Structure formats: C-alpha cells, structure tokens
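Could you put the whole structure together from the sequences, leaning on the hints where they help?
Residue numbers are given in UniProt numbering: position 64 of the sequence shown equals residue 64, and the series is strictly consecutive.
A portion of the hints provided could be inaccurate.
What the hints assert, rightly or not - Quick list of simulated restraints, FRET-style, between CB atoms:
(1) 96 / 64: 19 to 27 Å
(2) 29 / 78: 22 to 30 Å
(3) 53 / 14: 31 to 39 Å
What the hints assert, rightly or not - Under the rule of at most 25 Å between Cα atoms (straight-line distance), these lysine-lysine pairs were calculated in the DSS-like manner:
(4) 65 / 76
(5) 65 / 26
(6) 112 / 52
(7) 26 / 76
(8) 65 / 112
(9) 112 / 76
(10) 65 / 52
What the hints contain is simulated information worked out from the structure, not anything from laboratory work. Computed from a predicted structure; not experimentally measured. All C-beta atoms, glycine included, are put in the ideal place defined by N, C-alpha and C.
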Amino acid sequence: MYEDNNARSAVITNIVDGDTFEADVKLGYGVTVNLRFRIFGINTPEVFGPEKENGIISKEFVVEKFLNRTVTIVNKGLDSFRRNLADVYFDSNGVQASLGELLCTQGLAEHKSYK
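The structure is reproduced here in structure tokens:
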C-alpha cells in the first residue's frame, strides 16, 4: 500500500503515454497544481519508433480507464532526468490497487526502475 505522509489525491488530466501522465494534484487548503508524472518502477513501450504499435495500445488502455479519474499519487522523488516519479493507486471495488502493477499484469508494461 502507500504511506499517507506522501499521498495526495489527484485527477489525471492528460495521458502522454502508458507510463507518463499529467494530473491536477490537490495539495490541501484548496490549492491544486498540474504536474507531469512517470509511474515509478515500470516502463511501457514508446508511442513512436519501433515500439509505436504496442505503445499506442498501452496509452489507449490508460486513457480509457484513467483519464479524468481520481487517483492517489505517492511521491517517489525525481529520476536522473528530473521527472517526477510516483506510485499511483486507484480504487478497485473498495481496495487500493496499483496502476503500475495493473499495467504489468495486463502485459502492457514491464518492471523497470529509472531512479
């Protein structure tokens, strides 16, 4: 699961590819900021180049299931490219499930760390 001290509610507003998205993150006290995140610990195929076909499939899955959906973002810091890394959880029938794990079990991503 996740540690509450780094968890923030967010609404996914744009999907860049299967493992990268933008979200309106609720910081508290009525403050919301739009940030780009990469899902921690996974990699999906790119939406261009030789992986394009599988990359588009992965992206479309995330668009269909998560665009405009409220999720919980857990900050994991920055990677070497200075991208915001996050574990991402969503409600699945009353249980918090991991978006990264879902993508892996669906065969749309592989476990990989860029930190």
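These are the hints, each one checked on the structure:
Taking the beta carbon of each, residue 96 and residue 64 are about 20 Å apart, inside 19 to 27 Å as hinted. Look at residue 29 against residue 78: about 24 Å separates their beta carbons, and that is inside 22 to 30 Å. Range check, residue 53 to residue 14: about 22 Å between beta-carbon atoms, so the 31 to 39 Å window is missed. Simply put, residue 65 and residue 76 have alpha-carbon atoms about 23 Å apart, close enough for the 25 Å limit, and the pair holds.
Between residue 65 and residue 26 the alpha-carbon distance is near 21 Å, which keeps this suggested pair within the 25 Å criterion. Taken as a hint, the residue 112 and residue 52 pair is honoured in the structure, with Cα atoms around 19 Å apart against an allowance of 25 Å. Taken as a hint, the residue 26 and residue 76 pair is honoured in the structure, with Cα atoms around 17 Å apart against an allowance of 25 Å. Proposed proximity of residue 65 and residue 112 is supported: the alpha carbons are some 22 Å apart, at most 25 Å.
With a CA separation close to 14 Å, the supplied pair residue 112 and residue 76 stays within the 25 Å bound. At roughly 20 Å between alpha-carbon atoms, residue 65 and residue 52 fall within 25 Å of each other, so this suggested pair holds.
Checked against the numbered hints given earlier, this structure breaks only hint 3.
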